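Asker: Single-letter residue listing:
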Amino acid sequence: MIKILIVDDEKPICDLIDLNLSASGYHCTAVQDGLEAIEMIEKEKYDLILLDIMLPGADGYDIMEYIRPLKIPVIFITAKREVKDRVKGLKLGADDYLIKPFDVVELVARVEAVLRRYHKAQRIITVGDVVVDVEARQVTRAGKPVVLTNKEFGLLVLFITNKNVALFRESLYEKVWEEEYYGDSRTLDLHVQRLRRKLGWEHNLVAVYKVGYRLEVPQ
Amino acid sequence: MKFSLKLLLWSIIVMAISLGFSGFYFVNYVFETSLEREVGQALDENSILRFAFETAALNVPAKYDVLQNGSIEQIALNLESGGQNTGRMLRISDEERNVLYASDGFETDEELLGQTDELTKTYRIIRQNEQYYIQTGSTVKALDRVLYLETLRNVSEVFNERALGFTVYRRVTILMLILGTVIMYLIASLLTKPIRLLTKATKQMAAGDYQYRAQKVSSDELGQLTQDFNQMAEALEENVGKLEDEIQAREDFMGAFAHELKTPLTSIIGYADLLRSRKLDEEKSFLSANYIYTEGKRLEAMSIRLLDIMVARHAAPQFQTVPVENLFLYLQNMFRNNEEMNFTYSYEPYTVLVETDLIITVLINLLDNACKASEPGSNIEVTGRKEEEGYRFMVRDYGVGIAPEEVKKITKAFYMVDKSRSRSRNGAGLGLALCAEILSLHESRLEIDSRPGEGTTMSFLIRDGRREDEHEEISS
Numbered sequence: 000m001i002k003i004l005i006v007d008d009e010k011p012i013c014d015l016i017d018l019n020l021s022a023s024g025y026h027c028t029a030v031q032d033g034l035e036a037i038e039m040i041e042k043e044k045y046d047l048i049l050l051d052i053m054l055p056g057a058d059g060y061d062i063m064e065y066i067r068p069l070k071i072p073v074i075f076i077t078a079k080r081e082v083k084d085r086v087k088g089l090k091l092g093a094d095d096y097l098i099k100p101f102d103v104v105e106l107v108a109r110v111e112a113v114l115r116r117y118h119k120a121q122r123i124i125t126v127g128d129v130v131v132d133v134e135a136r137q138v139t140r141a142g143k144p145v146v147l148t149n150k151e152f153g154l155l156v157l158f159i160t161n162k163n164v165a166l167f168r169e170s171l172y173e174k175v176w177e178e179e180y181y182g183d184s185r186t187l188d189l190h191v192q193r194l195r196r197k198l199g200w201e202h203n204l205v206a207v208y209k210v211g212y213r214l215e216v217p218q
Numbered sequence: 000m001k002f003s004l005k006l007l008l009w010s011i012i013v014m015a016i017s018l019g020f021s022g023f024y025f026v027n028y029v030f031e032t033s034l035e036r037e038v039g040q041a042l043d044e045n046s047i048l049r050f051a052f053e054t055a056a057l058n059v060p061a062k063y064d065v066l067q068n069g070s071i072e073q074i075a076l077n078l079e080s081g082g083q084n085t086g087r088m089l090r091i092s093d094e095e096r097n098v099l100y101a102s103d104g105f106e107t108d109e110e111l112l113g114q115t116d117e118l119t120k121t122y123r124i125i126r127q128n129e130q131y132y133i134q135t136g137s138t139v140k141a142l143d144r145v146l147y148l149e150t151l152r153n154v155s156e157v158f159n160e161r162a163l164g165f166t167v168y169r170r171v172t173i174l175m176l177i178l179g180t181v182i183m184y185l186i187a188s189l190l191t192k193p194i195r196l197l198t199k200a201t202k203q204m205a206a207g208d209y210q211y212r213a214q215k216v217s218s219d220e221l222g223q224l225t226q227d228f229n230q231m232a233e234a235l236e237e238n239v240g241k242l243e244d245e246i247q248a249r250e251d252f253m254g255a256f257a258h259e260l261k262t263p264l265t266s267i268i269g270y271a272d273l274l275r276s277r278k279l280d281e282e283k284s285f286l287s288a289n290y291i292y293t294e295g296k297r298l299e300a301m302s303i304r305l306l307d308i309m310v311a312r313h314a315a316p317q318f319q320t321v322p323v324e325n326l327f328l329y330l331q332n333m334f335r336n337n338e339e340m341n342f343t344y345s346y347e348p349y350t351v352l353v354e355t356d357l358i359i360t361v362l363i364n365l366l367d368n369a370c371k372a373s374e375p376g377s378n379i380e381v382t383g384r385k386e387e388e389g390y391r392f393m394v395r396d397y398g399v400g401i402a403p404e405e406v407k408k409i410t411k412a413f414y415m416v417d418k419s420r421s422r423s424r425n426g427a428g429l430g431l432a433l434c435a436e437i438l439s440l441h442e443s444r445l446e447i448d449s450r451p452g453e454g455t456t457m458s459f460l461i462r463d464g465r466r467e468d469e470h471e472e473i474s475s
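Protein chains in written order, with numbering that gives the first Met the number 0: chain L, 0 to 218; chain P, 0 to 475.
In short, the hints are calculated from the structure, not lab data.
One or more hints might be untrue.
[Stated by the list, open to error] Pairs of lysine-lysine residues, derived as DSBU-like cross-links and limited to a Cα-Cα distance of at most 30 Å, are as follows:
(1) L:K83 to P:K278
(2) P:K408 to L:K87
(3) P:K278 to L:K209
Just so it is clear, the structure is predicted and the values come from calculations on it, not from any experiment.
Please put together the full structure from these sequences, using the hints given.
Answerer: See below:
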């Protein structure tokens, strides 16, 4: 199981990240103090560290210096929006940046992306008779390859990495199309429709009233 | 063109003209004087010769009534040789201007004779064979003959002296000009040094170095200018510094504000998102909802405090004269229910001119902070004391204390010495910033005396002097 260390001085935010990532199948540990975080990193090997910048004890940049030689991927989580702060973090060797406040979907997606880059993420995800190779971008249903468009594949990855999570139209649209969602587009519904038909998910991919869609998988 | 170069060029031009002119005038003057003297001598010589001739003519044996050409020649020869190597040259002509006798080298034309008559002596300066001569002419009467006597006096020396004078003077002039140029260059650069220094200072300041000052090197008008410039620079630096500080303070505030705002917002948005998208069990649902509630409360507290600060900053305070007893009684009442701490109140009776609600806010904040810093059961002393200048309010605790480097920052908005501790007691880091604002309205400030581990004393002074001013203002 993939182990993630969460370092943030705010307990509520630690818990929030913990709840979300645990639901996606990660094992999370949270600390609220910089020095404590270094101790934890020394004791145990983590696959990913989510790091706040403003911390008591030692700040995020200090901890980053400490982590760098260990080659553990790091995502900064911070309220600092300025480009120079982001650049500083990335220059220090952070793999990504998450700005508070953040969406649940965004958090999971960024964690997935970084883990994938380090080949730590689950490469092949199975849902029923559908097998998805996230890196090779190949999908098979009952052993037979299924041809998906780019957008359909993007949607599929979002659904299978957020099983049993109601995904909102706007976040689906913004993630896959990378455009602002204005609420009047039928494009998303058409793509979901096609995905259902191609994968035989008429009953799994359910519409949630006034929200969006959820991939229901028996746990 | 550079100013020093202009100065140099002009002074060289003036120097060259004046040196040239005065030199020319001087050499020429010497020349004219010498020439005049020579002319005088030449004329004198002519007179002497004439007289000598006439005398000699009288001595000629009176064989004829009329002086014979031969005798004239003889006399002239005698006269010439009588010059004794002075280079005397003479020429004698008869009435028809036929030359009767001429010394060797006397070759000039007869033009001078045309102007000579019995009463007039004439002279002219001629050039002959690279030599200058004064030619004089006069008439000689001897034994019924009217002859013309001409002499030549070599004055090349005078002309040579003039040429030499010019040469020497030219050299002197050139030398003086070179020397003058060097000296003027030094003087010009010395005089324009303040300008160069000022220019440098201006450039430095334009490039953003507001601390740079021009060096004052003279006490003249330029020195005065430098001094004025530096004064201006000082004022500019002060203003720029003030502006920068203000901008820095604003940026710090915005940064802290954004951070403080985003933290509870992240929780609220995150948990709300969690609740609406995942099917959570009851425990997790409650946890999420509770976080949304508490973080919302935190936002509320923060916005109220911010509003207070804004009001304190912009509202016109309504000062009233209040007995300090009222304030202390209010505080006692307020903290009556707090049984964790041991409060002691002691005060000297007095009246102060304050905005009651605001001063109570300050006192409550100070007491709150004292409670936050102390372990349960410790003492907190609230004191009011009459001082020379006014009345001092003091809150003393025996808690954790504040490190010296933290003391300065403590009244900054959102600054918290111990974040987790303060958070857990619902602090937003705005209390002391609010106190500082309110106290500045009362022309006072927060004085902090603290030792880590021993406790903190926070106090402020409400001055007496203020009250009369205020009353005057009100009455007028």
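Asker: Which of the stated hints cannot be reconciled with the structure, identified by number in ascending sequence?
Answerer: 1
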